[in-house]
Amino acid sequence: MEQVIANGLFTGAQYALIALGLTLIFGLMNVLNFAHGQMFVLGALFAYTIFNHIVELGWFLGMTPWLANILTFMVALVATLVFLAFVGALFERFLFRTVIKRSSRDESTMLLAAATAFLLDALLPMKHVFGELSHSLPALIEGSFSIEQPWFSDTPFYMPYSKVFIGGLALFLIAGFMAFMQYTKPGRAMRALAQDKIAAQLMGVHVDRFTMLGFALGAMLAGGIGALIVTITNIGPTAGSSFSIKAFIMVMIGGAGVVGGAIAGGFVLGMMESIVPTLLAPYDLANLSDLIIFAALMIFLSFRPQGLMGKPWG
Amino acid sequence: MSEILQVKSITKKFGGLTAVNGVSFGVKEKEILSVIGPNGAGKSTLFKLISSFMKPSDGEVLFNGKRISNQAPHIVARKGVVRTFQETTIFKNMTVKQTVIVAHHLRSKANLWGYFVSTPNARNDEKHFGDSADEILEFLGLSSMANEQASNLPHGHLRALGIAMGLATNPKILLLDEPFAGMNHDETMKAVKMVRDLRKRGLTVLLVEHDMHAVMTISDRIVVLNFGTKIAEGTPEQIQKNPAVIEAYLGHEDKEIGL
Amino acid sequence: MKVKPHTESGLKTWVGLAALVLAMGLFYFGIPALIAQNPEVYSRYYTTLSGIALLSMASAGVWLTFYIGRINIGQGVFCLFGAYISGILVVNYGMNFWYSAIWAGVICSLLSFLIGLPILRLRGVYFAMVTLISTQVATLVVQNLAITKQGRSFALPPPAALTLPGTDIVVIPAFTLEGAAVGFYFAAITLMILTFLGLYRLVNSRIGQLCKSLQQNEELASSLGVNIVWLRLVAYAISCFVGGVAGAFYGAQQANLNVSLFTVQDSVNFLLYCFMGGLNYVVGPLIGTITLRLGWDQLSPTGEYQLAIYALALIILMFILPNGLMSLVEEGKKWFIRPNHRQKLQSMSAQKPVKTVAKSAAKKRPKTAAKTAPKSNKGRK
Numbered sequence: 003m004e005q006v007i008a009n010g011l012f013t014g015a016q017y018a019l020i021a022l023g024l025t026l027i028f029g030l031m032n033v034l035n036f037a038h039g040q041m042f043v044l045g046a047l048f049a050y051t052i053f054n055h056i057v058e059l060g061w062f063l064g065m066t067p068w069l070a071n072i073l074t075f076m077v078a079l080v081a082t083l084v085f086l087a088f089v090g091a092l093f094e095r096f097l098f099r100t101v102i103k104r105s106s107r108d109e110s111t112m113l114l115a116a117a118t119a120f121l122l123d124a125l126l127p128m129k130h131v132f133g134e135l136s137h138s139l140p141a142l143i144e145g146s147f148s149i150e151q152p153w154f155s156d157t158p159f160y161m162p163y164s165k166v167f168i169g170g171l172a173l174f175l176i177a178g179f180m181a182f183m184q185y186t187k188p189g190r191a192m193r194a195l196a197q198d199k200i201a202a203q204l205m206g207v208h209v210d211r212f213t214m215l216g217f218a219l220g221a222m223l224a225g226g227i228g229a230l231i232v233t234i235t236n237i238g239p240t241a242g243s244s245f246s247i248k249a250f251i252m253v254m255i256g257g258a259g260v261v262g263g264a265i266a267g268g269f270v271l272g273m274m275e276s277i278v279p280t281l282l283a284p285y286d287l288a289n290l291s292d293l294i295i296f297a298a299l300m301i302f303l304s305f306r307p308q309g310l311m312g313k314p315w316g
Numbered sequence: 387m388s389e390i391l392q393v394k395s396i397t398k399k400f401g402g403l404t405a406v407n408g409v410s411f412g413v414k415e416k417e418i419l420s421v422i423g424p425n426g427a428g429k430s431t432l433f434k435l436i437s438s439f440m441k442p443s444d445g446e447v448l449f450n451g452k453r454i455s456n457q458a459p460h461i462v463a464r465k466g467v468v469r470t471f472q473e474t475t476i477f478k479n480m481t482v483k484q485t486v487i488v489a490h491h492l493r494s495k496a497n498l499w500g501y502f503v504s505t506p507n508a509r510n511d512e513k514h515f516g517d518s519a520d521e522i523l524e525f526l527g528l529s530s531m532a533n534e535q536a537s538n539l540p541h542g543h544l545r546a547l548g549i550a551m552g553l554a555t556n557p558k559i560l561l562l563d564e565p566f567a568g569m570n571h572d573e574t575m576k577a578v579k580m581v582r583d584l585r586k587r588g589l590t591v592l593l594v595e596h597d598m599h600a601v602m603t604i605s606d607r608i609v610v611l612n613f614g615t616k617i618a619e620g621t622p623e624q625i626q627k628n629p630a631v632i633e634a635y636l637g638h639e640d641k642e643i644g645l
Numbered sequence: 599m600k601v602k603p604h605t606e607s608g609l610k611t612w613v614g615l616a617a618l619v620l621a622m623g624l625f626y627f628g629i630p631a632l633i634a635q636n637p638e639v640y641s642r643y644y645t646t647l648s649g650i651a652l653l654s655m656a657s658a659g660v661w662l663t664f665y666i667g668r669i670n671i672g673q674g675v676f677c678l679f680g681a682y683i684s685g686i687l688v689v690n691y692g693m694n695f696w697y698s699a700i701w702a703g704v705i706c707s708l709l710s711f712l713i714g715l716p717i718l719r720l721r722g723v724y725f726a727m728v729t730l731i732s733t734q735v736a737t738l739v740v741q742n743l744a745i746t747k748q749g750r751s752f753a754l755p756p757p758a759a760l761t762l763p764g765t766d767i768v769v770i771p772a773f774t775l776e777g778a779a780v781g782f783y784f785a786a787i788t789l790m791i792l793t794f795l796g797l798y799r800l801v802n803s804r805i806g807q808l809c810k811s812l813q814q815n816e817e818l819a820s821s822l823g824v825n826i827v828w829l830r831l832v833a834y835a836i837s838c839f840v841g842g843v844a845g846a847f848y849g850a851q852q853a854n855l856n857v858s859l860f861t862v863q864d865s866v867n868f869l870l871y872c873f874m875g876g877l878n879y880v881v882g883p884l885i886g887t888i889t890l891r892l893g894w895d896q897l898s899p900t901g902e903y904q905l906a907i908y909a910l911a912l913i914i915l916m917f918i919l920p921n922g923l924m925s926l927v928e929e930g931k932k933w934f935i936r937p938n939h940r941q942k943l944q945s946m947s948a949q950k951p952v953k954t955v956a957k958s959a960a961k962k963r964p965k966t967a968a969k970t971a972p973k974s975n976k977g978r979k
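These protein sequences, in sequence, are chains A, B and C.
The first sequence begins at 3 in our numbering and counts up one residue at a time.
The second sequence begins at 387 in our numbering and counts up one residue at a time.
The third sequence begins at 599 in our numbering and counts up one residue at a time.
Everything labelled a hint here was simulated from the structure, so no lab data went into it.
Do not rely on the hints blindly, as some may be mistaken.
Short, incomplete list of chain C residues facing chain A, as computed with Cβ under 10 Å [said to hold, decoys possible]: (1) PHE664; (2) ILE686; (3) VAL689; (4) VAL735.
Computed list of lysine-lysine pairs in BS3-like fashion (alpha-carbon distance at most 27 Å, straight line) [to be verified]: (5) C:LYS747 - B:LYS495; (6) C:LYS747 - B:LYS478; (7) B:LYS414 - B:LYS576; (8) C:LYS931 - A:LYS103; (9) B:LYS478 - C:LYS610; (10) B:LYS394 - B:LYS576; (11) B:LYS576 - B:LYS441; (12) B:LYS452 - B:LYS478; (13) C:LYS810 - B:LYS513; (14) A:LYS199 - A:LYS187; (15) B:LYS478 - A:LYS103; (16) A:LYS103 - A:LYS165; (17) B:LYS399 - B:LYS416; (18) C:LYS810 - C:LYS610; (19) C:LYS931 - B:LYS478; (20) B:LYS495 - C:LYS810; (21) C:LYS610 - C:LYS747; (22) B:LYS452 - B:LYS586; (23) A:LYS103 - C:LYS932; (24) B:LYS627 - B:LYS465; (25) C:LYS932 - B:LYS513; (26) A:LYS103 - C:LYS810; (27) B:LYS586 - B:LYS441; (28) B:LYS465 - C:LYS810; (29) C:LYS747 - C:LYS932; (30) B:LYS452 - B:LYS414; (31) B:LYS399 - B:LYS478; (32) B:LYS495 - B:LYS465; (33) B:LYS478 - B:LYS416; (34) B:LYS576 - B:LYS586; (35) B:LYS495 - A:LYS199.
In this text the structure is predicted, and so the values were computed from the model without any measurement.
Glycine included, C-beta positions come from ideal geometry on N, C-alpha and C.
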């Protein structure tokens with residue numbers, strides 16, 4: 003039982019980060035960014051490449067392997083965050099902004115978002131980019147934390163140290179993002195924009211600048227979480243769209259465009275993915291769990307479209 | 387004259403807030419009855435309750451003695467209780483005439499399939515709707531704008547378009563939502579005449595309004611709301627003399643203007 | 599602003615009829631004649647084009663849901679179900695394919711009633727997301743059922759002959775393995791033409807106006823007595839019927855069903871076809887599907903760069919024509935309109951600012967003017 007909950011929390015923290023970026027972009031620009039999962043994959047593979055290029059440097063300097071690993075990873079993570087923020091800003095500045103201005107319908111951005119998703123899907127597996135193979139980093143820290151006899155179950159509880167480290171980093175990023183949105187001037191400006199664009203503009207918020215910042219932040223969050231997850235599981239260059247769908251679902255569970263909702267949605271989906279298969283396993287139905295989760299969410303959304311925390315009709 | 391619409395101790399609560407509290411009154415056939423009250427008195431809520439765009443927490447609305455609350459808005463409209471919206475609620479990308487033709491929906495004899503294969507009934511309908519739309523536009527002075535996009539119409543004409551849509555449904559009773567809001571004196575007088583002409587067509591009119599002056603000239607009877615409760619009901623003369631109304635409404639209004 | 603002189607509608611009818619005759623001539627005679635020039639090289643186009651015809655049908659369904667103001671990313675559900683329903687009826691129950699395709703459409707539209715009742719209340723992004731999820735659900739359903747063979751290879755025989763009920767008179771001959779591609783081509787373009795004619799009629803009849811009123815303001819429509827719930831359901835059911843039939847034919851043409859026949863990606867694609875064609879024209883989805891699918895097909899020699907070039911082309915198209923290919927027609931009209939109409943247009947647009955000035959001058963009372971000004975701004979946006 004503890005194992006299931008711990009796994010759920012771990013996945014939830016990762017998912018929450020993915021959903022945060024997506025909901026931020028949606029809230030600010032009303033864009034359903036189909037390329038969000040691709041941004042995530044880009045971050046993962048970028049971090050993987052950087053890590054592999056510089057990890058030997060640490061060994062060369064004679065550090066202990068785990069310290070070298072962690073320091074290298076932190077460097078790779080920061081590089082990924084910067085790179086993805088840059089990519090996001092470029093996307094907003096040169097693609098979305100132009101199309102939004104020229105098109106007569108808001109929904110046209112969906113087409114653009116889908117096209118950028120195709121583009122990344124095409125570029126990432128190319129020979130000179132990342133290649134077609136899936137990659138993952140070796141465990142950053144060896145060993146694991148375990149309890150032989152947990153309180154509520156018979157099987158031992160087990161959690162690798164690297165998962166604890168990554169989970170902690172994810173929580174740290176969430177907290178950092180929340181603090182940024184809550185207490186800094188750009189954060190406040192973006193929240194104002196998300197609530198009412200015209201009013202924010204009248205209050206002197208520079209719409210273009212903060213929209214770009216928001217898109218960059220959203221891409222950065224997606225890339226950052228990609229970098230974190232690539233240390234745990236294999237990520238392939240074309241895995242993007244399945245993550246996009248999951249991200250959409252999380253955003254909808256919590257309520258579109260609501261920051262708190264995205265976090266809640268991430269944790270709900272993470273928990274469900276961990277708990278439902280466990281509950282179904284005794285009946286030999288574990289392979290139905292995805293179906294049950296998705297169908298349940300569809301029913302939930304049909305009757306409560308604003309999600310857990312959203313306003314009706316967002 | 388019998389009462390065709392009866393509002394019976396209707397109440398609407400939003401969480402802890404009671405927007406409309408036990409309001410009752412009746413509307414007689416072919417009369418013009420106005421509901422007035424200061425801002426936040428619950429007029430809009432009452433309006434939505436009568437047109438069944440909102441479900442009451444308690445009480446009911448009867449039309450010709452039959453309950454219409456809790457029914458879908460289109461069914462209430464089918465029975466002859468039709469509301470208009472304020473001017474921003476229009477079909478933006480249709481022309482004025484198209485809008486009024488669409489609004490003839492309740493008069494259609496053919497069904498959807500009939501329109502698809504264009505049965506004689508359907509063709510009849512379409513011709514009849516076109517003629518009737520022309521007549522309504524003429525009546526409301528919109529003829530010259532028949533082919534204009536609805537979103538391009540100026541203010542006063544938008545309101546007339548709203549009334550045109552209401553008329554097209556061939557209602558028994560037309561509910562007007564603040565028909566004089568934002569109009570200057572001349573425009574208001576024109577609109578007042580228009581509402582009077584509606585009655586000449588045999589309609590009963592119930593209107594919710596903020597503009598005291600217009601209401602006094604036009605109404606047969608007036609119901610006054612304050613804080614969700616009915617504080618007075620009577621002819622314009624009675625209302626003007628009613629101390630509770632002066633206290634609640636005019637006093638408030640004066641303060642608002644700064645007199 | 600559109601100015602429609604009375605003669606234009608007559609002209610429009612003639613232009614439309616001429617276009618229809620031309621298109622039919624091209625599809626029924628022109629293309630087969632072209633392919634006959636060099637059958638070894640070109641005969642693969644039969645398969646490509648029938649695929650396009652069927653996908654454009656499904657897109658037409660998506661377009662219809664757009665017309666009632668809903669962004670539908672769930673057409674893949676009904677295409678996939680349609681393909682499997684028809685396949686199961688043919689293989690497991692020995693039904694004639696032609697009947698099974700109709701049943702596929704009927705069952706899909708019944709299903710759409712069940713799904714539509716709750717989800718059609720949703721608008722905007724909410725409807726889009728729920729339908730997107732529904733495609734994922736459909737994929738998982740197919741993967742988990744024994745009757746669909748877990749979404750793995752499900753082989754289909756070529757369609758048998760269709761006879762008049764109770765007689766031996768053959769209406770449609772049985773498809774042979776070699777002739778199936780040509781047979782499906784003619785079936786597909788016939789279906790496509792019927793679909794688009796039906797859609798055109800629907801949109802240009804009173805139903806179309808009612809749908810348009812739904813698209814623009816559901817509350818107002820319901821206040822006029824329109825049963826919005828029913829109308830939405832009917833439109834959605836038609837959309838899903840078309841999707842189901844298209845799916846059934848698409849599956850039969852492939853002769854082999856599997857779960858990746860229609861995925862989330864395809865649902866998104868249908869949406870793209872509609873957008874790319876243009877949402878204001880009935881033929882939009884047709885034009886969009888032909889352009890994008892044919893373009894995609896022509897890019898196949900580029901191998902691993904195919905998707906990248908396609909995506910870049912999409913992005914560039916978005917920049918040049920953000921409102922779809924059919925917006926070219928609108929542009930064209932502006933230039934080819936006869937001079938006196940052009941003058942009329944100009945004089946009308948010149949009048950507009952005057953009107954607004956008069957209007958704001960009319961608001962003499964400052965209090966009411968201040969109160970209503972932001973409201974009217976909002977409405978005009």
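Is the hinted pair LYS452 (chain B) and LYS414 (chain B) satisfied, with a Cα-Cα distance of at most 27 Å? holds, 15 Å
Distance restraint between LYS747 (chain C) and LYS495 (chain B), which requires alpha-carbon spacing of 27 Å or less: violated, 50 Å
When you check the alpha-carbon spacing of LYS103 (chain A) and LYS932 (chain C), does it fall within 27 Å? holds, 21 Å
Closer than 10 Å between Cβ atoms is the bar; does PHE664 (chain C) clear it against chain A? Give me holds or violated. Hint holds; PHE664 (chain C) Cβ to chain A Cβ min 9 Å, cut 10 Å.
Closest C-beta approach of VAL689 (chain C) to chain A relative to 10 Å, hint status: violated, 23 Å
27 Å limit on alpha-carbon distance, applied to hinted pair LYS465 (chain B) and LYS810 (chain C): holds, 24 Å
Taken at face value, is the distance from the CA of LYS103 (chain A) to the CA of LYS478 (chain B) at most 27 Å? holds, 21 Å
Checking one constraint from the list: CA of LYS399 (chain B) to CA of LYS416 (chain B), max 27 Å. Satisfied? Not satisfied, since the Cα-Cα distance of roughly 31 Å exceeds 27 Å.
Does LYS199 (chain A) pair with LYS187 (chain A) here, judged by a C-alpha cut-off of 27 Å? This hinted pair holds, its Cα atoms lying about 16 Å apart.
Given the hint that LYS399 (chain B) pairs with LYS478 (chain B), test it: the Cα-Cα distance must not exceed 27 Å. Violated, because 33 Å separates the two Cα atoms, which is more than 27 Å.
If you draw a straight line from the CA of LYS586 (chain B) to the CA of LYS441 (chain B), is it 27 Å or shorter? Between LYS586 (chain B) and LYS441 (chain B) the Cα gap is close to 32 Å, so the pair fails against 27 Å, i.e. violated.
When you check the alpha-carbon spacing of LYS452 (chain B) and LYS478 (chain B), does it fall within 27 Å? Given that 27 Å is the threshold and the Cα spacing comes to 35 Å, the pair is violated.
In this structure, the earlier hints numbered 2, 3, 5, 6, 10, 11, 12, 16, 17, 21, 24, 25, 27, 29, 31, 33, 35 are contradicted, and the remaining ones agree with it.
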